[in-house]
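With the hints as your guide, set chain B onto chain A.
Each chain, written out:
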Amino acid sequence: MQKTKTYVSDTVSRLKPSGIRRFFDLAASMEGVISLGVGEPDFITPWSVREACILSLEQGYTSYTANAGLWELRKEISDYLARRFHVLYDPADEIIVTVGASQALDVSLRAIVNPGDEVIVVEPSFVSYAPLVSLAGGVPIPIQTSGKHQFKLQPEQIEQVVTPKTKALIICSPNNPTGAVLNAEELMQIAHIVEKHDLLVISDEIYAELCYDEQYTSFPAIDRMRERTILINGFSKGFAMTGWRLGFIAAPRDFATAMLKIHQYTMMCAPTMAQYAAIEALQNGAADVEQMKKSYRQRRNFFVQSLNEIGLSCHMPGGAFYAFPSIQSTGMTSEQFAERLLLEEKVAVVPGHVFGRSGEGYIRCSYASSLEQLQEAIRRMKRFLERL
Amino acid sequence: MKLTEKEIEIVELLEKHARLPIDTMAKMVSLSVSEVEDIIKKLEEAKVIVQYATIVDWRKVDGHEGVTAMIDVKVTPKRGVGFDEVAERIYRFPEVKSVYLMSGAYDLSVVIEGRSMSEIAHFVSEKLSTLDSVISTTTHFILKKYKHDGTVFEQGDQDRRIVVAP
Numbered sequence: 001m002q003k004t005k006t007y008v009s010d011t012v013s014r015l016k017p018s019g020i021r022r023f024f025d026l027a028a029s030m031e032g033v034i035s036l037g038v039g040e041p042d043f044i045t046p047w048s049v050r051e052a053c054i055l056s057l058e059q060g061y062t063s064y065t066a067n068a069g070l071w072e073l074r075k076e077i078s079d080y081l082a083r084r085f086h087v088l089y090d091p092a093d094e095i096i097v098t099v100g101a102s103q104a105l106d107v108s109l110r111a112i113v114n115p116g117d118e119v120i121v122v123e124p125s126f127v128s129y130a131p132l133v134s135l136a137g138g139v140p141i142p143i144q145t146s147g148k149h150q151f152k153l154q155p156e157q158i159e160q161v162v163t164p165k166t167k168a169l170i171i172c173s174p175n176n177p178t179g180a181v182l183n184a185e186e187l188m189q190i191a192h193i194v195e196k197h198d199l200l201v202i203s204d205e206i207y208a209e210l211c212y213d214e215q216y217t218s219f220p221a222i223d224r225m226r227e228r229t230i231l232i233n234g235f236s237k238g239f240a241m242t243g244w245r246l247g248f249i250a251a252p253r254d255f256a257t258a259m260l261k262i263h264q265y266t267m268m269c270a271p272t273m274a275q276y277a278a279i280e281a282l283q284n285g286a287a288d289v290e291q292m293k294k295s296y297r298q299r300r301n302f303f304v305q306s307l308n309e310i311g312l313s314c315h316m317p318g319g320a321f322y323a324f325p326s327i328q329s330t331g332m333t334s335e336q337f338a339e340r341l342l343l344e345e346k347v348a349v350v351p352g353h354v355f356g357r358s359g360e361g362y363i364r365c366s367y368a369s370s371l372e373q374l375q376e377a378i379r380r381m382k383r384f385l386e387r388l
Numbered sequence: 001m002k003l004t005e006k007e008i009e010i011v012e013l014l015e016k017h018a019r020l021p022i023d024t025m026a027k028m029v030s031l032s033v034s035e036v037e038d039i040i041k042k043l044e045e046a047k048v049i050v051q052y053a054t055i056v057d058w059r060k061v062d063g064h065e066g067v068t069a070m071i072d073v074k075v076t077p078k079r080g081v082g083f084d085e086v087a088e089r090i091y092r093f094p095e096v097k098s099v100y101l102m103s104g105a106y107d108l109s110v111v112i113e114g115r116s117m118s119e120i121a122h123f124v125s126e127k128l129s130t131l132d133s134v135i136s137t138t139t140h141f142i143l144k145k146y147k148h149d150g151t152v153f154e155q156g157d158q159d160r161r162i163v164v165a166p
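Order-wise, the sequence lines are chains A and B. Yeah, the first sequence ends on 388 if you go by full-length UniProt numbering, and it's all consecutive. Yeah, the second sequence ends on 166 if you go by full-length UniProt numbering, and it's all consecutive.
Just a few of them, taken from the derived set where beta-carbon distance is under 10 Å, the chain A residues facing chain B:
1. V127
2. N176
3. R297
EDC-like cross-link-like pairs, simulated, lysine to aspartate or glutamate; straight-line CA separation at most 16 Å:
4. K293(A) <-> E9(B)
5. K293(A) <-> E12(B)
6. K294(A) <-> E5(B)
7. K294(A) <-> E12(B)
Read the hints as simulated data drawn from the structure, not as lab findings. Note that the structure is predicted; figures quoted are calculated from it, not measured. Where a beta carbon is used, it is the ideal one built from N, C-alpha and C, also for glycine.
With the rest of the complex left out, here is chain B:
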């Protein structure tokens, strides 16, 4: 699907700030509010815009700190369906946040979130390793999130500029 420059601008703006008011956005790209609404609707229908999500720093919420792990999974691809079938079996678990097919030393990269390390350990040993096609797993626990999807978590955003300058 080929997008115009303005359509791309709108997608980029929304990607950074999904709650940007439409009238503000319309001014920024020099279109009318209804034109912007039409573009967004079109892009939503075409699933170019898939979803509007929120980046949450759960560490700040008591009792919701949680644990995230990245698991390298080696699998045997199946004739006819390749990796797709096993990938689907994995991503259907709601605790699995993302699944990527990778080049290199392993096949699938699985990101999983749980309440505790033992919950994740349980998932790996009971659900993931027991799948027929899975040959091996290597689990890496995330110790600290510095930057996620382009957003830096702890950012000092104070303006260091002098107040008035020529």
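Here chain A stands alone, though its shape is the one from the complex:
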């Protein structure tokens, strides 16, 4: 092919590769690394769920399902959302089973974004939001939350960036990477501004099951917000099912109908065997989820207190399985800190700036690792800090 012409689209050319990639390559090439860089549970999917999948395969359930997903699964999702989060969605035409929450995000954005529409992204955030907005033809507008507010979105920050072109706001609570949880009152203040500026909200609630200190509030449960919210959730985090790639969207009929068009042309349906497993997860998985949540909470308490003891100041994150300590006292950048910690002590963490500008000066440590690994990681980090 001639090099004079570029074949890759302008949109994709402009996308920055994920900042996590470099660390992954570096850490993967080393032996004896304790990785606190993993954004997924350390539990294997509960056996009853795996067993249900095996049974479905034995019975030969290997064909496509309806585009929106198995009717039985959509009914279970509808019941689950009502039971756990007090939000009501009709399984007939308001729920779509997707290939992970990631696809749910992609479909949601493509369904609502016109070229040039602005979508507000609350940073530090999951690395996919801004690129997905760009791929959908929109313009991502970052808001930087601050450690001073424990990385909770301040409603007035929305007002500062809103323009006539603003279409939607993406929020994620509990948050990756900060673990911040927005409570009912804080969500109500956000809702007020959302309504004032006639915005839509994409609420990524993938960590909703992992909220440790208070009752979780789902955004569409806030007064008058259901009609302007696209709710995204899934099985990856709470049910320890990352590799199954199964998530879902719940949204008012008009949105769901639009999203289903994209989903049916691009994905047809989510994997059938994973859908059968998910039915079991929703019917009988609550005790397993509760058990895992308890274990994360204990490890969070241990890890965050230990970080503070060795001199890395860290707020107590309300949810997810990440600690987001400040490394500003070391005078290093996040990247320098993470790289030296990896090379000198073989502990892999993710530098905060890859999640957004306001993540600079912080590192993300996943505490979804065995207690022994966490204890050893703390010992190594302590040694590292003492040497500086």
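Just chain B now, kept in the frame of chain A:
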């Protein structure tokens, strides 16, 4: 005895990992070290925590492989003491590791450990069957232990996750 949520958490942690350092446990349940020590002491005194034992895989120790058998025992209960008297006569033998009163086809389930099959056979024929109340015994030898008291013996515990993920 009614326990608080934190007390139950401590018992559960110890049940899985009896050697968990107290300061680690204190952080995990957000209590001080002395608070945790007090709770453990209280639970030990109340015999809620009965003992700290170790699960050993003796198969890995040369010359100590041993044999375990589960014996179903039918007995005649005695007026006034029911099954308790005969159960006690059985569990006093040190080679008897556990004794349970069962519902169903037989009365007592006895787990016994010995150095060899003949040692267990000797115990059954000489000690157990000869007890007045014992009507019959059925001995099942354990061929392989897969899981014991919630612990899987051979467990591949390698982490299959990729090293860094968003």
